[in-house]
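Novice: From first to last, the protein sequence lines are chains A and B.
If you want the numbering used here, it's the 1-based position in the first sequence plus 372.
If you want the numbering used here, it's the 1-based position in the second sequence plus 205.
These are computed hints drawn from the structure, not numbers from a lab.
For glycine and all other residues, C-beta sits at the position ideal for the given N, C-alpha and C.
Examples of chain B residues toward chain A, derived with CB under 7 Å:
#: 1; residue: Ala246
#: 2; residue: Gly247
#: 3; residue: Leu248
#: 4; residue: Leu250
#: 5; residue: Tyr253
#: 6; residue: Lys303
#: 7; residue: Phe306
#: 8; residue: Gly307
#: 9; residue: Ser308
#: 10; residue: Gly309
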Amino acid sequence: NAGVMQNPRHLVRRRGQEARLRCSPMKGHSHVYWYRQLPEEGLKFMVYLQKENIIDESGMPKERFSAEFPKEGPSILRIQQVVRGDSAAYFCASSPTENYGYTFGSGTRLTVV
Amino acid sequence: GEDVEQSLFLSVREGDSSVINCTYTDSSSTYLYWYKQEPGAGLQLLTYIFSNMDMKQDQRLTVLLNKKDKHLSLRIADTQTGDSAIYFCAERKGSASKIIFGSGTRLSIRP
Numbered sequence: 373n374a375g376v377m378q379n380p381r382h383l384v385r386r387r388g389q390e391a392r393l394r395c396s397p398m399k400g401h402s403h404v405y406w407y408r409q410l411p412e413e414g415l416k417f418m419v420y421l422q423k424e425n426i427i428d429e430s431g432m433p434k435e436r437f438s439a440e441f442p443k444e445g446p447s448i449l450r451i452q453q454v455v456r457g458d459s460a461a462y463f464c465a466s467s468p469t470e471n472y473g474y475t476f477g478s479g480t481r482l483t484v485v
Numbered sequence: 206g207e208d209v210e211q212s213l214f215l216s217v218r219e220g221d222s223s224v225i226n227c228t229y230t231d232s233s234s235t236y237l238y239w240y241k242q243e244p245g246a247g248l249q250l251l252t253y254i255f256s257n258m259d260m261k262q263d264q265r266l267t268v269l270l271n272k273k274d275k276h277l278s279l280r281i282a283d284t285q286t287g288d289s290a291i292y293f294c295a296e297r298k299g300s301a302s303k304i305i306f307g308s309g310t311r312l313s314i315r316p
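For reference, chain A alone in the conformation it holds in the complex (with noise of 0.2 Å):
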């Protein structure tokens, strides 16, 4: 079991271009959760999914950002227009249950230049 695997590791975009999130949760776990880390902070909630379904999205910004978790393939998390901003860590983490705890990715950092 590879564990949470998430791409690229390090993403380097200029203002106003997209940037797309991977994550593939662990075998078995149909419940995804993205969680943002500004530089010296703590994580902050994004968003919550499970297959085709967006079940908790208050911690997302209401523009520029979205989430899919679609019935194939891994979990993107998708920035449109980046701004300096919105450089940080992004980890995604997944479960088995909604009860169970998390197991996290080792993070994807986007850096806007």
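Following the hints, put chain B in place on chain A, whose structure we already have.
Specialist: Frame of chain A; chain B shown alone:
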């Protein structure tokens, strides 16, 4: 994580015990967690405790929960250089499934 508060830094001497403290605000929280994050890495679940427990011990780790004061602590016995990391306290609220994290405590070890 405005609902979960931790001190930002802790420095201890190698071989001593480390105690990392955390306070949370939601009395309905059912699970409380401690995660460890090493530089450049993701978060690793260290241990967790159910809200109906007072204490949990796992090798060098001891978790104490004071539900009345909403206070959680993690004690690391015989602290080693490999314990240097950021430790996050987290809670899962009773009626929702997302986990809320504190800002993390950076543990550094003195020789």
